[in-house]
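The numbering used here numbers the first residue of the sequence shown as 1 and each following residue consecutively.
Just so you know, these hints were derived from the structure itself, not from any lab.
The C-beta atom is built at its ideal place from N, Cα and C for all residues, glycine as well.
Some hints could be false.
Only pairs whose alpha carbons sit at most 25 Å apart, straight line, appear in this in silico SDA-like list of lysine to any residue [claimed, not checked]:
#1 100 with 118
#2 7 with 77
#3 100 with 136
#4 100 with 124
#5 100 with 39
#6 23 with 11
#7 100 with 44
#8 7 with 81
#9 157 with 101
#10 100 with 155
#11 7 with 24
#12 7 with 75
#13 23 with 12
#14 23 with 44
#15 157 with 140
#16 23 with 81
#17 157 with 138
#18 100 with 80
#19 157 with 146
#20 100 with 81
#21 157 with 121
#22 23 with 146
#23 157 with 110
So the derived label-pair ranges between C-beta atoms look like this [what the hints assert, rightly or not]:
#24 143 with 18: 24 to 30 Å
#25 23 with 118: 31 to 37 Å
#26 63 with 107: 16 to 22 Å
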Amino acid sequence: MTETDPKIISTQASQSYQEGDFKQAAQLFAEAAQAFTETGNLLDAAEMRNNQSVALLQNDDAQAALDAVVGTDLIFADAGDTRRQGLALGNEAAALEELKRLDDAIARYQASADLLEQAGEDQMRAIVMQSLAWIHIRRGNFFEGLFAMNSGLRGVKNPTLKQKILRTVLKIRVW
């Protein structure tokens, strides 16, 4: 018999993800999203679609990852959940980046960073800004990349050792 309890399916999906079986995890997250939708729980369904997107990216299926995550930010926005809205846009940006749709990725990363800042998620914002910075640097926009990196690190209240070192390097300004 196939499992229909979305929480059990979600737990199985998370376990598959932790074990590195991203294809199975993506499938189970999709099933959990459907099961949550059928119970009317659109927030958890959107969360499962975001998790599915991450698993699909890990499985090198960027288009499917994008298809899974698109629109979830609006569900979180309707619920007033700025944090998850920002994370959803970050997941969308990551898929767009893998698809080489860099202008779209930049816009989503920036929107994600703004929302994560509003939500007080300084570490997550720093990660998003780092992704944004690397796009700028790969495109040859070195100073825009450094600015994005610095901007992301500036708001971190309890920086990691790596972030402290990066902050110091960015202050040196050899240019």
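Quick rundown of the hints versus the structure:
1. Among the hinted pairs, residue 100 with residue 118 is inconsistent with the structure: their alpha-carbon atoms are about 28 Å apart, more than 25 Å.
2. Under the criterion of a C-alpha separation no larger than 25 Å, the hint pairing residue 7 with residue 77 is consistent with the structure, at around 23 Å.
3. Among the hinted pairs, residue 100 with residue 136 is consistent with the structure: their alpha-carbon atoms are about 13 Å apart, no more than 25 Å.
4. Taking the CA atoms of residue 100 and residue 124, the gap is near 22 Å; set against the 25 Å cutoff, the hint holds.
5. Using a Cα cut-off of 25 Å, the hinted pair residue 100 and residue 39 is violated, with the two alpha carbons roughly 36 Å apart.
6. As the CA atoms of residue 23 and residue 11 are separated by approximately 15 Å, the hinted pair is consistent with the 25 Å bound.
7. A distance of roughly 29 Å separates the Cα atoms of residue 100 and residue 44; the hinted pair therefore is violated under the 25 Å criterion.
8. Pair hint residue 7 plus residue 81 holds up; C-alpha atoms about 20 Å apart against a cutoff of 25 Å.
9. In summary, the hint linking residue 157 to residue 101 is not supported, as the alpha carbons are separated by about 32 Å, beyond the 25 Å threshold.
10. Between residue 100 and residue 155, the direct Cα distance comes to roughly 28 Å. Violation of the 25 Å bound is thereby established for this hinted pair.
11. Taking the CA atoms of residue 7 and residue 24, the gap is near 16 Å; set against the 25 Å cutoff, the hint holds.
12. As the CA atoms of residue 7 and residue 75 are separated by approximately 19 Å, the hinted pair is consistent with the 25 Å bound.
13. Only pairs whose Cα atoms come within 25 Å are accepted, and residue 23 paired with residue 12 is accepted, the gap being roughly 13 Å.
14. About 20 Å separates the Cα atoms of residue 23 and residue 44, which keeps this hinted pair within 25 Å; it holds.
15. For a cut-off of 25 Å, the pair hint linking residue 157 to residue 140 is broken: about 30 Å separates their Cα positions.
16. The suggested pairing of residue 23 with residue 81 is violated, with an alpha-carbon distance near 28 Å, which exceeds 25 Å.
17. For the given pair, residue 157 sits about 28 Å from residue 138 by alpha-carbon distance, which is inconsistent with the 25 Å threshold.
18. Between the alpha carbons of residue 100 and residue 80 the distance comes to roughly 31 Å, so the proposed pair goes past 25 Å and is violated.
19. Of the pairs offered as hints, the one joining residue 157 and residue 146 holds, with about 19 Å between alpha carbons and a cut-off of 25 Å not exceeded.
20. At roughly 29 Å between alpha-carbon atoms, residue 100 and residue 81 are farther apart than 25 Å, so this suggested pair is violated.
21. The hinted pair formed by residue 157 and residue 121 meets the criterion: a straight-line CA distance of about 10 Å does not exceed 25 Å.
22. Only pairs whose Cα atoms come within 25 Å are accepted, and residue 23 paired with residue 146 is rejected, the gap being roughly 36 Å.
23. This hinted pair checks out: residue 157 and residue 110 have alpha carbons roughly 20 Å apart, not beyond 25 Å.
24. The hinted range of 24 to 30 Å is not satisfied by residue 143 and residue 18, whose Cβ atoms lie roughly 40 Å apart.
25. Residue 23 and residue 118 have their C-beta atoms about 35 Å apart, which keeps the hinted 31 to 37 Å range intact.
26. Distance hint for residue 63 and residue 107: a CB-CB separation of about 18 Å, consistent with the stated range 16 to 22 Å.
In this structure, the earlier hints numbered 1, 5, 7, 9, 10, 15, 16, 17, 18, 20, 22 and 24 are contradicted, and the remaining ones agree with it.
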